[in-house]
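*Asks:* For the sequence shown, UniProt numbering assigns the number 1 to the initial residue and increments by one for each residue that follows.
A few of these clues could be false.
What the hints assert, rightly or not - As a list, the in silico BS3-like pairs of lysine-lysine whose alpha-carbon atoms are at most 30 Å apart:
{"id": "1", "residue 1": "K282", "residue 2": "K124"}
{"id": "2", "residue 1": "K289", "residue 2": "K300"}
{"id": "3", "residue 1": "K225", "residue 2": "K289"}
{"id": "4", "residue 1": "K273", "residue 2": "K300"}
{"id": "5", "residue 1": "K138", "residue 2": "K267"}
{"id": "6", "residue 1": "K267", "residue 2": "K289"}
None of these hints come from the bench; they were simulated from the model.
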Amino acid sequence: MLKHKIAGLLAALILLISATGCTNIRFTTGTGKNRFAVCGNYSISVQAADILISERKYSYEDLFNNEIWSRSVGDMTMEEYLLSDIKTLAGNVIYLNMMAEDMQINLTGDEEARISEYAEDYAKDSGFDKADVEELLKMLLIAEKSFYAMTEDVDTEVSTDEARTISVQYMFFAVNDDVKDRMAENKASEALQKIEDGTDFLTLAEEQSDDSIHSMEFYKGMYDKDFETAAYKLETGQVSSVVETEYGYYIIKCINDNIESDTAKRKSEIVLKRREELFADKFRQLAEKKDILFNEKYLKKIDIGSIKAGSGELNKILLALK
């Protein structure tokens, strides 16, 4: 079975940069009862943490449905993993606001007015207090502005070939305890001959492939390197020879060698990744010097199950504020 390479279960919901940070964590009861995370003069309130947890809970369930809460990540339950994710995000937002002060980055009057409007609507729909929503939105937007200011010199040129997204059909012949390497290769070779003799590719894939999925779109770096190398050599309509990978053998048919709309999106993703890489070292230097203090009492009593999942609206607001 073709395995999609995933760095972790989650991407950051609000700031993609959360993955670049390395927050120094200390637990304390001295943050103040209404503060979730504190560093110097900067802090995230427990009310803001509730909002983040609500929105992150929505993100988890939207991606993996409600069954996600019965799973685990390593030796952590999913609830513990979510809280770890929230701590990282909160710490990074604080660090970025500290950096923004050094760079004299502030919100404009227009941004503050729009935040107030969005916060009012969000508060009505979610039940959270408007002031808490507004405080969080301001910190998130300043954090994002800080991130982009520190990476404004990044190379934004991305070639079409580097970002190219393609669409393929494929059939897979697995190598496992029951099917030896030579047997799988022979099955693949026989299938390829049938294709060359005129058998419909997708029909044959549905009959013989060991994978229930036969079509997909992807970009470079998503899947097995041998599979990708073979697929990217094909032009629309071409069929590969038998491709050997660590999982077994594949035959690939290219349906579209450049999905232009997806390629444009991928270019933006590549530039963002470059920004993250450029930013990471500067960020870590600050994170190594400044501890984030987290509210131990809050973390001990928090019940993820009792917090209503959000709507994904907070992320949409941030996108609208850009």
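*Asks:* Holds or violated: K267 and K289, Cα atoms, limit 30 Å.
*Replies:* Since the Cα atoms of K267 and K289 sit roughly 34 Å apart, the hinted pair is violated (cutoff 30 Å).
*Asks:* Is K273 within 30 Å of K300, Cα to Cα?
*Replies:* Since the Cα atoms of K273 and K300 sit roughly 35 Å apart, the hinted pair is violated (cutoff 30 Å).
*Asks:* Does the alpha-carbon distance linking K138 and K267 stay inside the 30 Å limit?
*Replies:* Given pair K138, K267 holds - Cα atoms ~28 Å apart, limit 30 Å.
*Asks:* Could you grab the alpha-carbon distance between K289 and K300 and see if it respects the 30 Å cut-off?
*Replies:* holds, 26 Å
*Asks:* Does the alpha-carbon distance linking K282 and K124 stay inside the 30 Å limit?
*Replies:* violated, 39 Å
*Asks:* Assess, step by step, whether the Cα of K225 is no farther than 30 Å from the Cα of K289, and give holds or violated.
*Replies:* Judged against 30 Å, a Cα distance of about 39 Å means the pair is violated.
Comparing the model with each earlier hint shows violations of hints 1, 3, 4, 6; every other hint is respected.
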